[in-house]
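Chemist: Sequence:
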Amino acid sequence: MMVPFKHHAKRPRPYLSVLSLISLLSLVFMPYSAFAYGNEDLAALIKPAIVRIVTETNGSVSITPFSFDLERLTITPLVGRPAITLPLPDTVWTSGSGFVVSPRGYILTNAHVVSDYMIKEDLVYPYIKQAFLQEVTRQNRATQEFVMNAPLAVQERFSNDLLNYAMSHARIEGTQTTRVLDPSSRGETGESVTKDAFIARIVGMSSDSYKTGRDVAILKIEAEDLPSIPLTSRHTVSVGEEVLLFGFPGTGDFGSSDLLESTVTAGVVSALKEAPSGDFKLFQIDAKSSQGSSGGPLLDRSGNVVGILTYGTGNADIVGDGFGFAIPAEIGSVLLGDNAIVSEKSQFMTEASRGLSLFEKSRCKEAIESFASAESSTNKKFIPTGYFDEYRTECDRLSAAGLSIDNGFDALKDRLGGIGAISWATFGGMLLLIIVLSVAMVHLFRRLRKGENELDLLEHYLDAEGVTGIPETFKEHGYGESPWSTLAPRLKKSIDAEKKDPATPTVSIEVSPVGGIDSLVKYVRTARASGATDATITKDLGTAGWAPADIQNALT
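Numbering of the sequence shown is given in our numbering, commencing with residue 502 and proceeding in unit increments.
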């Protein structure tokens, strides 16, 4: 019975493992870069998109007449009565902040900055307060005592009902114009700056924002290529997180020129408070704000808009600093989506952020190119030529000092210079390990390859002699595979030695005396085909224990 002869499969190359190890090492030492903005850089990036919004209102407030019963706590409309008119004392100017969310001229702000609600409230609230006191004085003593002794919660609820009813039945009789100030205006007075402003129209506003707290509105001005801040998918902040607030606080104005200079203040998220509607959280922040800051964006340190400032604490009649409250930016995103408006990143924001990142790495040549692209691609009313000149000046200084990284050699030098002693030691140790492993594996590979070549050669000889299997006799004597494979290395050494010195072979081939004369004859044929002489074959077979007669028969 013949056992099938198994050819050797192609072995994996050891040097591939070495390359894999080197690749792994390169990943370990690959530099990780996460650009974080400093306050100055973030201000340069964001401030061009911050706008000041002013609303001019003339006329009067008209209220549908009504009466109320202090005993039953009811409100009744007076049909057929003439409207109650509350004239505005003069032209009313209101101011707030906003930020561009699309290069096509869309701006996000608070609803109360551009709606007539605040103006109506300023007139309606004093009127309701006075009407309430007058009604109390008209009542008899029992009713007065009833009102005065009513629980505080009852008094507050009825007062709010009165105010809300009057507000919902009040309207502005006159004109109301909303403008966005032109950042490039050279006006020397508030009036002249206002004349240069963009006329804005309201394209979206949250309904009942004063009840729900979703205080957001969208404006549109006729301008293109504006620097815009896209709203991101980040909708939450953490207490204690650092934030930056941009806007136009009234306490920061000292002259007409200040009307166009936005303010940035830093702070942290102090708390998360329940909104009036109860379905979202307000961000309480300690960054300084005041009247006029409303509608400004709240950003994290990575430049993401996380909120929109909506109001502050304290008495509305007192101008000053206090805690601010911001609604989540998600509320603005929802309103934009409802009005089919896409918040998108402007080319200015793309190129400027890239330039700032390159500048941080001292890659001045590329940074200056990005700054130039940011300036040239943006509406000149919002980004004047030379906006990034301070960065250019610093780049000139770095270049003069040889510190600017403008080519591959500079980058390599900078990277090597930035590697610390511990990193160098680690790198050296790993490099030495790679060298040792490489030498060992290459040596092993050569030995394996040499054996493979010899086996392939002997298999070729066996195939030529018609040997297609391993005699069962050899398996019984413990050979794992063909005896020709076992003898091949020794046979080759013997042949090589005889070629060097035919008279004195230096290597013998150990051949166990197993099997019959047929096996011995096949061995002699194979040895002769390999170049061995009969003398060498006779000596090696005799050393292996074969009888001289058997050897002679095999040779003849």
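These are computed hints drawn from the structure, not numbers from a lab. Just to be clear, a hint being listed does not mean it is correct.
In silico DSS-like cross-links for lysine-lysine, where the CA-CA straight-line distance does not exceed 25 Å [what the hints assert, rightly or not]:
#	residue 1	residue 2
1	K866	K696
2	K548	K1023
3	K862	K721
4	K846	K862
5	K696	K548
6	K789	K774
7	K882	K696
8	K712	K782
9	K712	K774
10	K866	K721
11	K882	K846
12	K866	K846
13	K548	K774
14	K881	K846
15	K548	K1040
16	K712	K548
17	K548	K881
18	K721	K630
19	K774	K882
20	K696	K712
21	K789	K548
22	K881	K862
23	K866	K881
Chemist: Please go over all the hints and tell whether each is borne out by the structure.
Modeler: Evaluation of the provided hints:
1. K866 to K696: violated, 41 Å
2. K548 to K1023: This hinted pair is violated, its Cα atoms lying about 93 Å apart.
3. K862 to K721: Violated - the C-alpha atoms of K721 and K862 are around 38 Å apart, more than 25 Å.
4. K846 to K862: Holds: K846 and K862 sit about 23 Å apart, inside 25 Å.
5. K696 to K548: holds, 22 Å
6. K789 to K774: holds, 18 Å
7. K882 to K696: Satisfied, since the Cα-Cα distance of roughly 15 Å is no more than 25 Å.
8. K712 to K782: holds, 15 Å
9. K712 to K774: Satisfied, since the Cα-Cα distance of roughly 16 Å is no more than 25 Å.
10. K866 to K721: violated, 37 Å
11. K882 to K846: holds, 18 Å
12. K866 to K846: Since the Cα atoms of K866 and K846 sit roughly 24 Å apart, the hinted pair holds (cutoff 25 Å).
13. K548 to K774: Not satisfied, since the Cα-Cα distance of roughly 28 Å exceeds 25 Å.
14. K881 to K846: The given pair, whose Cα atoms are some 18 Å apart, holds under the 25 Å limit.
15. K548 to K1040: The given pair, whose Cα atoms are some 98 Å apart, is violated under the 25 Å limit.
16. K712 to K548: Violated: K712 and K548 sit about 31 Å apart, past 25 Å.
17. K548 to K881: holds, 14 Å
18. K721 to K630: violated, 37 Å
19. K774 to K882: violated, 39 Å
20. K696 to K712: violated, 34 Å
21. K789 to K548: Holds, at about 17 Å.
22. K881 to K862: Roughly 28 Å separates the two Cα atoms, so the pair is violated.
23. K866 to K881: holds, 24 Å
Of the numbered hints stated above, those contradicted by the structure are hints 1, 2, 3, 10, 13, 15, 16, 18, 19, 20, 22, listed in ascending order.
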